[in-house]
Amino acid sequence: MNLSRYLLAAAICMGAAHCSVDKTAPAAGVPLSLAQQRKAQLSQPVYSLRFQVPADKKQPVAAEAQISFNLLSDSADLALDFKQAAGSVKKVMLNEQEIPVRHENEHILLPQNKLVKGPNKVAIVFEAGDAALNRNNDYMYALFVPDKARTAFPCFDQPDMKAVYALTLDLPGDWQAMSNGPVLQSTPQDSFTRWQFAPSDTISTYLFSFAAGKFRSETRMAGGREMQFLYRETDSSKLAASMSAIFDIHVQSLAFLEKYTGVPFPFKKFSFAAIPDFQFGGMEHPGAIWYNASSLFLDGSATRSQLIGRANLIAHETAHMWFGDLVTMQWFNDVWMKEVFANFMADKIVPLVLTNELADLKFMTDHFPAAYSVDRTAGANPIRQPLDNLNEAGSLYGAIIYHKAPIMMQQLERLIGAQALQAGLGTYLKKYAFSNASWPDLITILDEPAAQDLVAWNDSWVNKAGRPGYNEPLTDPKGNTYGLFPVDTGTLSSIPSIKDPVLRAFSWLNLYENVIDGKAVSPQRWLQLAMTGMRQEKEELITQLLLNELQSIYWVYLTPAQRTAESDRLEATLQQLQQQAAQPNLKKLFFKSWMRMALSAGARETIYRTWKHQEPPAGVKLSDDDYAELAAELAIRQHPDAAAILEEQAGRISNPDKKMRWAFLQPSLAQDQATRDKFFESLKLLDNRRKEAWVNTAVGYLHHPLRTDSAVKYIRPSLELLQEIQQTGDIFFPANFLAATLGVHQSAAAEKEVKDFLAAYPDYNPRLKNKLLQAADPLFRARKVQEQGAMQ
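Just so you know, the sequence shown maps onto residues -19 to -1, 1 to 773 in mature numbering (1 follows the signal peptide of the UniProt record, and there is no 0).
Source of the hints: derived by calculation from the structure; they are not laboratory data.
Among these hints, one or two may not hold up.
[Said to hold, decoys possible] In the SDA-like style, the derived pairs of lysine to any residue whose C-alpha atoms are separated by at most 20 Å in a straight line are: (1) Lys143 to Lys593; (2) Lys500 to Lys71; (3) Lys71 to Glu45; (4) Lys98 to Glu45; (5) Lys480 to Leu455; (6) Lys750 to Phe761; (7) Lys72 to Arg83; (8) Lys95 to Glu108; (9) Lys240 to Arg83; (10) Lys445 to Ile476; (11) Lys593 to Ile634; (12) Lys665 to Val693; (13) Lys573 to Ala542; (14) Lys445 to Asn314; (15) Lys733 to Tyr745; (16) Lys95 to Gly154; (17) Lys733 to Phe761; (18) Lys240 to Leu410; (19) Lys694 to Ser663; (20) Lys249 to Met208; (21) Lys500 to Lys519.
Start from the sequences, fold in the hints, and give me the full structure.
Right, here's the structure in full:
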């Protein structure tokens, strides 16, 4: 059967209330109606861009753009997207004639009477916006997903308007640069160096990018392909332990994807850069992948989870070269498509990269807890969501598309067969190469040979939100395991002896979900079971799962009195597990968990001695970043020398990027409440929120479980700030900011702050309301669990 008719997205036009006084100006943002109109009106855009980037990040970036395109219809004005202040556009030339600047409602309007059918060329002199250029003291990087290209330069900022980009950068003389296209030449001038890049492949605006600055460079022939790597890491132990692994994982990922898809690597070059405190894990620009540096550079003490995380990240971004870059969604309502296939491919690649990896166990521990964390909440959203304007595309991202969608894809593979899915994906990639496709386009291909009725399956998995509940306990971990299953409280002590590691992991996960749902057993009983289970557990991934759940139960679901009562036994258990662990990575895992949960004065003194003398317990290896975390934990635990500890730690840091990060974080760690209050107030200014990763860490320190009583007052102003954060920040910032703000609160006062805010704004933006309900879910559940305990 043909399923596409069931899946077509509804096009909902923006209301007149959103339009400017000039009825010819499109609504702000990139409305779906405008995108559809332009797709029908023009084709073959080509950009020639030049940016002059001063060394001083406070100085503006002067820029020029030449955009050529083929006009299919000259019956209406044509809108370019450019979200910058009035006066930022200096001059507009259309088909060699200067025209008046009409910069209205985030668009530059090109008049109908100056356009011609066939080839057209517009040349614009302008001042580039800084928001998406991420300018730092001696480096910068562009990040345009999902609709940020229009903040930097005039463009047709929609994913189905693919184009070729020729880039020129005028940079400080000692900077390096990378973009999608190969470097043609770098030419020293009087006061700068001009970098010219060959035209890129045909890509969407959100995939165009460039980075420049004082980077170190490593170029290798790897897997028969030249790869360039830009980075700023200075830790020699991390460089020695990581560099070859980073290149090797890319090579193995590329080889797998070429074989699986039947499509050779489709782009002109393959290069990547490690960005300090990058706001995502990675971003898949073809020819210029950006990674968060901390995820790539690991030392010899890296845990299994860290190694898996790095391999998964590299495999994910490499898979995007095919899924998202070669074939791109038509509109961002299908953004989940590129993410589900990137994760789905990564789940196939990582067990090949890291030997002895249990693929099914990794899949379970990677995706199920994260998917449940959203799908169990009142703010749960379906995998596929409608989108009327690209300026809200960032709100579509989250655990549902990154974690529930791969579970859905695994179910689809089991339903139609692995070979049928692989063959269908190959057909899809070849049919839509360097173009765009929708979910219905793919399902139409997969539906052709399928004997099953995919209509009901699609509606259940893709179009509906929420986690199903079952009446019978789970017995087969390889069937449809997604959902909340009842537990037999009489057999809980047998969980550690379940032989199948996937079923054992799911049993722990399902028990945890029942506990926080107010069913099965109390948090204290769960704690006892988990500590017993960790003593018997041999699989590191399950140990990590238990430790993650342990921290959640300990800090959120136990009352402060219960926590105090359990702390001595917990500390002793974790220390014993650390001492008995045979592998260094497990020793470190237990040590850091102990450090993060220890409450006793003796534990604080042990943490201090470890930090002061840089002498960790036997068999535990700590990095410079780990010692910084120790210093932070001491400050939060009100060590009497906390101020001196923070200053001494600042002096220990030599890497300039990490030094700036620590300076930013210090006020959030201050023992003085007034200093923390002043720091929180500073976050209301956009310039102080530019480094989103820093902000999230700092907000987490403000709301640490040991400080929640004094941090309740930050909740309401944080929620009042949320819409501005959504409008000015990158795609993951609103959810991460909310999680850092609300994630460990458990008091009635905190619950009241959230509920009062929701009551005060009954018509609040529904996407942001969902994000808020997702972040507040642990708080709401903790209140119910504690109230149930008080009534028993």
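Results for each hint:
1. Lys143 to Lys593: 55 Å, violated
2. Lys500 to Lys71: Given pair Lys500, Lys71 is violated - Cα atoms ~64 Å apart, limit 20 Å.
3. Lys71 to Glu45: Holds, at roughly 10 Å.
4. Lys98 to Glu45: Measuring from Cα to Cα gives roughly 24 Å; hence the hint is violated.
5. Lys480 to Leu455: Distance ~15 Å between Lys480 and Leu455 Cα, so the pair holds.
6. Lys750 to Phe761: Roughly 15 Å between the alpha carbons, so the hint for Lys750 and Phe761 holds.
7. Lys72 to Arg83: Holds. Lys72 to Arg83 sits at ~10 Å (cutoff 20 Å).
8. Lys95 to Glu108: The hint is violated at about 24 Å.
9. Lys240 to Arg83: Violated. Lys240 to Arg83 sits at ~50 Å, over the 20 Å cutoff.
10. Lys445 to Ile476: 32 Å, violated
11. Lys593 to Ile634: 14 Å, holds
12. Lys665 to Val693: Roughly 17 Å between the alpha carbons, so the hint for Lys665 and Val693 holds.
13. Lys573 to Ala542: 23 Å, violated
14. Lys445 to Asn314: 14 Å, holds
15. Lys733 to Tyr745: Holds. Lys733 to Tyr745 sits at ~17 Å (cutoff 20 Å).
16. Lys95 to Gly154: 41 Å, violated
17. Lys733 to Phe761: 10 Å, holds
18. Lys240 to Leu410: 13 Å, holds
19. Lys694 to Ser663: Holds: Lys694 and Ser663 sit about 15 Å apart, inside 20 Å.
20. Lys249 to Met208: At roughly 11 Å apart (the allowed maximum being 20 Å), Met208 and Lys249 satisfy the hint.
21. Lys500 to Lys519: Distance of about 28 Å is beyond 20 Å: violated.
The structure fails hints 1, 2, 4, 8, 9, 10, 13, 16 and 21 (numbered hints given earlier, in ascending order).
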